[in-house]
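Construct the complete structure from the given sequences, taking the supplied hints into account.
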Amino acid sequence: MSDTSFKVVLGDVFVSTGGDYGLHPGVMAVAKAKRVPVKTQYHLSKILKRLTAELRDFMEHRLELFKEYGHQVMDGDKPIDRWTVDADRIDEFLKAFAELSATEVTIELRPIKLAELEAAEGTTSEDLAACHAFIEED
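In my numbering, the protein residues as written are 1 to 138.
Warning: the hint list may mix true and false statements.
[To be verified] Taking lysine-lysine pairs in the DSS-like style, the calculated list, with each CA pair at most 27 Å apart, reads:
1. K32 / K7
2. K78 / K67
3. K7 / K39
4. K49 / K32
5. K49 / K34
6. K34 / K113
7. K7 / K34
8. K95 / K67
9. K7 / K46
10. K7 / K49
11. K113 / K46
12. K113 / K7
13. K46 / K34
14. K95 / K7
15. K39 / K113
16. K49 / K113
17. K39 / K49
18. K113 / K32
19. K32 / K46
FYI, nobody ran anything at the bench for these hints, they're computed from the structure.
Below you can see the structure in the form of structure tokens.
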């Protein structure tokens, strides 16, 4: 970790929520914590914006994997907004998806110092662990 950027593994901060992906609940809990200094809240919001942009890219690449290894689900003769992996290609898909999830990206923002979250309320140690990529000890 540097003073001006941090690296994050996509699969560490994104989780499946009913077939779709979103930011890890722990990341969201830290972002919504009470009694966090205003400057830290602002900085967390900038981190969330960058992570959300990475999530959009992740989802686009995930869709491309579905297109490569599967097909769009049909409702009769009409395609719907859902994809499935072909049974004979599931292993290939899982390997490619694991590779995508293991992708490490650099976020060009300084990490949050642990001391900035010292007075935070409404977070757990599990929430903080979900944010390990962008929280650093003092």
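Hints, one by one, checked against the model:
no.: 1; hint: K32 / K7; verdict: holds, 22 Å
no.: 2; hint: K78 / K67; verdict: holds, 17 Å
no.: 3; hint: K7 / K39; verdict: holds, 22 Å
no.: 4; hint: K49 / K32; verdict: holds, 14 Å
no.: 5; hint: K49 / K34; verdict: holds, 19 Å
no.: 6; hint: K34 / K113; verdict: holds, 16 Å
no.: 7; hint: K7 / K34; verdict: holds, 26 Å
no.: 8; hint: K95 / K67; verdict: holds, 15 Å
no.: 9; hint: K7 / K46; verdict: holds, 15 Å
no.: 10; hint: K7 / K49; verdict: holds, 15 Å
no.: 11; hint: K113 / K46; verdict: holds, 15 Å
no.: 12; hint: K113 / K7; verdict: holds, 15 Å
no.: 13; hint: K46 / K34; verdict: holds, 17 Å
no.: 14; hint: K95 / K7; verdict: holds, 22 Å
no.: 15; hint: K39 / K113; verdict: holds, 12 Å
no.: 16; hint: K49 / K113; verdict: holds, 18 Å
no.: 17; hint: K39 / K49; verdict: holds, 15 Å
no.: 18; hint: K113 / K32; verdict: holds, 16 Å
no.: 19; hint: K32 / K46; verdict: holds, 13 Å
Violated hints are absent here; each numbered hint is respected by the structure.
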